[in-house]
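Could you build all of it, start to finish, from the sequences and the hints given here?
Protein chains: 2
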Amino acid sequence: MKVMENLLSERIKSTPPSFVRSILKTAADPNVISFAGGLPNPVSFPQEELLVSMDRITKTYKDKVFQYSITAGIPELRQFIADRYNKKFNLHLDIDNILITTGSQQALDLIGKTVLDENDGVLLEKPSYLGAIQVFSQYMPEFHTVDLTSDGLNIEQFKETLNNNDIKLIYAIPEFQNPTGLTYSAENREEIFKIIKDKNLVLVEDDPYGELRFKGKHLPYIGAGRYENSIVLGSFSKVVTPGMRTGFIICQNKELLKKISVSKEASDLHTNVFSQYLIWDYLMHNDFEKHIAKITELYSAQAQTMLNSMDKYFPKNVKYTRPDGGMFLWVTLPEGVSALELFPKALEKKVAFVPGDPFYINKKNVNTMRLNYTNADCETIEEGIKRLGELLSGI
Amino acid sequence: MKVMENLLSERIKSTPPSFVRSILKTAADPNVISFAGGLPNPVSFPQEELLVSMDRITKTYKDKVFQYSITAGIPELRQFIADRYNKKFNLHLDIDNILITTGSQQALDLIGKTVLDENDGVLLEKPSYLGAIQVFSQYMPEFHTVDLTSDGLNIEQFKETLNNNDIKLIYAIPEFQNPTGLTYSAENREEIFKIIKDKNLVLVEDDPYGELRFKGKHLPYIGAGRYENSIVLGSFSKVVTPGMRTGFIICQNKELLKKISVSKEASDLHTNVFSQYLIWDYLMHNDFEKHIAKITELYSAQAQTMLNSMDKYFPKNVKYTRPDGGMFLWVTLPEGVSALELFPKALEKKVAFVPGDPFYINKKNVNTMRLNYTNADCETIEEGIKRLGELLSGI
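So the sequence lines, in the order shown, correspond to chains P and F. Start counting at 1 in the first sequence, then tack on 13, and there's your number in my numbering. Start counting at 1 in the second sequence, then tack on 13, and there's your number in my numbering.
It should be emphasised that the hints constitute simulated quantities derived from the structure, not laboratory data. Treat the hints with care, since some could be wrong.
Any copy will do: because identical chains look the same in the list, a pair fits if it lies in one copy or spans two.
To be verified - Straight line, CA to CA, 30 Å or less: simulated DSS-like cross-link-like pairs of lysine-lysine:
1. Lys303 / Lys210
2. Lys38 / Lys77
3. Lys38 / Lys172
4. Lys207 / Lys75
5. Lys363 / Lys271
6. Lys332 / Lys77
7. Lys303 / Lys72
8. Lys399 / Lys38
9. Lys75 / Lys325
10. Lys77 / Lys267
11. Lys271 / Lys77
12. Lys363 / Lys172
Structure below.
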C-alpha cells in the first residue's frame, strides 16, 4: 500500500471519495426506501419504442451502427439538438456547435481537461453538484463558492468573488439545481449576464433537468446566444435513458469546442454510436413532447406527494425547498444538527438520503440533506417521509 | 482567438493534433483505397446475433439495461472476462480485478489520470500507438522511448532508460503492436520481467489485438499474474463491435484499480450498461471461439494478400514487417524519404496510409508508414498496394 501511494498522481489524491456511490451501496437493501440516488423513474423509459428503433436502425444502417465513428457525434443527432435548442431558446446553432458526450458527466471532465490548470479559479454555487466538484477536483483548481438563494446566485457575493479572484470557469445549474431544486429567476440571470459580459471566462450552464419543468415557464439561459464562451450541457439521461450515456455540449465558440473535441478524442475516441443512432431514431419516430409531458406529470405528482408528506410529518423547524421541476429537493435542519450523523439512524428506520456534505467544498457535518423524489411511487414516498419525520421529530 | 488562448489549459496546448482523424477525413472520398484507418472489417460484426441479443436482454432485464449502473461494470461481464483470462493465461482473477471502460482508449486516459503527475517518466516503445501518445500528453509527462525490434524491446536501451530515469509508467503493446505489427518473443518478455520485477512502477500491457492471432501460438503476458502493479487492457472492439465502446482493465492490484475506478466515476459515471449486457449476452449465447476463428481467417487472408502484393509491386529497398496477427503492418522506406511528403501524392493516386510521424514523440518526416489490412477485401488490397508500389518505385 505504501508502495502504491508513490505511484498515484496528486490529482487522484485530491479527488474526494465517491460519497454518493458508497451511500448507494449501503442503501441497496431492497427494504430501504431510498431518496438518496438520482435515478429517473424506470417507468419513464420508452422501452417498447427503443426496441422498435433498435430493430429499425440495425436493419437500415447495418454495420454503420456498430463501426467506429467520428468524435463529434453523428450529424443527425447533432442537427436534432441544434434545431430543438434554436426553436426553444431562439438560438442560432448549427452542428459544429454541438459535441456528443458519453453522458453529461463526461462533458464536465472534458471542460476541466481543456480549460483548467492547477490553481485556476473555478466559481461554483454553494452547494453544488457533487459530481462536478469531484471531476473538477481532479484538475486541482482553486474553488470559490457563491451562496445559492431562492432567486439564484447571491449577486453581491458573486460580484465580490469575481472582483477579488481570477476566475476562469463558472459552473452553474440555473434550472432545478442539483442538489437544491432551486431555479434562478429571469432577473437573477440577467444580472449575472451583465456582470460577466465583458469578462474573459468560460460560463458552463449545466442543464440536465431543463425538460423536466412541471410548474412555471421556461427561462432563457444566462449566456447561450449572447456570451462568447458560453457552454450549455444537456443530456438524454433524464428524458430517454441514462444507461445509454448520451449527453451533449452546446458551445457558442466553435474554436473552443474544437479544443474540447481533441480532449474527447483522447478520452474515448467517440461516444457509443449505436446509442446515438438509437436515440436519434427514437426522437424521429415518436412524439417526444408527449413523452416529456408524461414524465413531468409523473414527477410533479411525486414531488407534490413528498412536499405534502413533509408538511404533515416534518417538525416545523425543518425547512425545505419547493422545486418547479427536476428531481431533487433540499432540506435544512436546525442549526448544529449533522445530517451525516442522522444517516445511520435513518438507515435503521430503513430510509436513506444524501447528507449535504459532499455538495460543499471541504465542509463537514452540515445541517442539510438532498432528497430525490423521482424513483419511488407516491405511496412509498409518503411512507419514507413518515419514517424520516419520526427521526427528525427526535432531534 | 487570442482571448480564447488564455482560457485553455497547458494540457490541451501540449496535446498533439488529432493526426489520424484529420487524415481519415481526407481519405473519406469513397474512391480512395484507404489503408489509413484502424477499422475492423464490418463483415466481422455479428449483426444478426446482436439483434437477437438486444431483443432478449430488453425482454429479460427490462429497465435494468436502460438505468444508471455501477461504475465497475456489470458483474456478469466482469466474471466472463475473469474466467476467460484465467483459463487462457492461467491467472487468478476475480471480478474485483476487472473494470469495464468506455473502449480501451478510456482505459489509457484513466490510467494517465490516476498515475501521472507533470514530468513523471513514461516509457514507450519507439514507435508507439498514437492514441496513447495523445492521451498521455494531456498529463504532461516526460516521455522516454525504447526501440522496438522484431523480437520486442531493445533490452540494452530498456535497461539504460530505466536506470537513468525515474520511470513511473511503462506502456507496451507486446502482441501485434500498433503501428508495427511486431510481437515480443517469449524470451524478450521474460527479460523485461526480470528487469522490472523489483521496481516500483506501473506496467501497462495494451492487448486489443491478442485474440486476432493467425500464426504461431499465444504467449504469456510480461507482468500479468506475477507483477504487482500489472495492468492488461482488453477490448471487444476488434472481436465483437467497436461502436459499442466496451473495453476493460485487468489490474492485479485491487487497491490501484479502486483508485482508477474513482477516476472512471468522475469521467463518465459508468460505461453504457446496455452495451455491457448486450456483449455479455452475445458471448453467452454464441460460439465465440468460432466467431474469432472466422475473423482471424479473414484477416490472415487479407494480410497475406497485402504481403504478396508488396512482394510483387514494392521496390526492393522498401522493407516491411510480417505480422502474426492484428490489423497493421509497418513499412520502412529508404532513409531520407519522408512518408508525410508522399501522402498527398498517394492521395492523387487514390490510396491512403498513415505516415509514421504521429507514432513518435516529436519526430517529423520519418521514413515509415502504417498500413491497415483489415478493412478492405483482397482485390481492393492488391489494387491499393499496386498504386502505392507505382508511387514508391518513383522515389
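Right, here's what the structure says about each hint:
no., hint, in the structure
1, Lys303 / Lys210, "neither (37 Å within a copy, 62 Å between copies)"
2, Lys38 / Lys77, "between (38 Å within a copy, 16 Å between copies)"
3, Lys38 / Lys172, "neither (40 Å within a copy, 46 Å between copies)"
4, Lys207 / Lys75, "neither (50 Å within a copy, 48 Å between copies)"
5, Lys363 / Lys271, "between (48 Å within a copy, 28 Å between copies)"
6, Lys332 / Lys77, "neither (53 Å within a copy, 35 Å between copies)"
7, Lys303 / Lys72, "both (27 Å within a copy, 24 Å between copies)"
8, Lys399 / Lys38, "within (23 Å within a copy, 60 Å between copies)"
9, Lys75 / Lys325, "neither (56 Å within a copy, 36 Å between copies)"
10, Lys77 / Lys267, "within (27 Å within a copy, 37 Å between copies)"
11, Lys271 / Lys77, "within (24 Å within a copy, 35 Å between copies)"
12, Lys363 / Lys172, "neither (44 Å within a copy, 59 Å between copies)"
Of the hints listed earlier, those the structure fails to meet are numbers 1, 3, 4, 6, 9, 12, in rising order.
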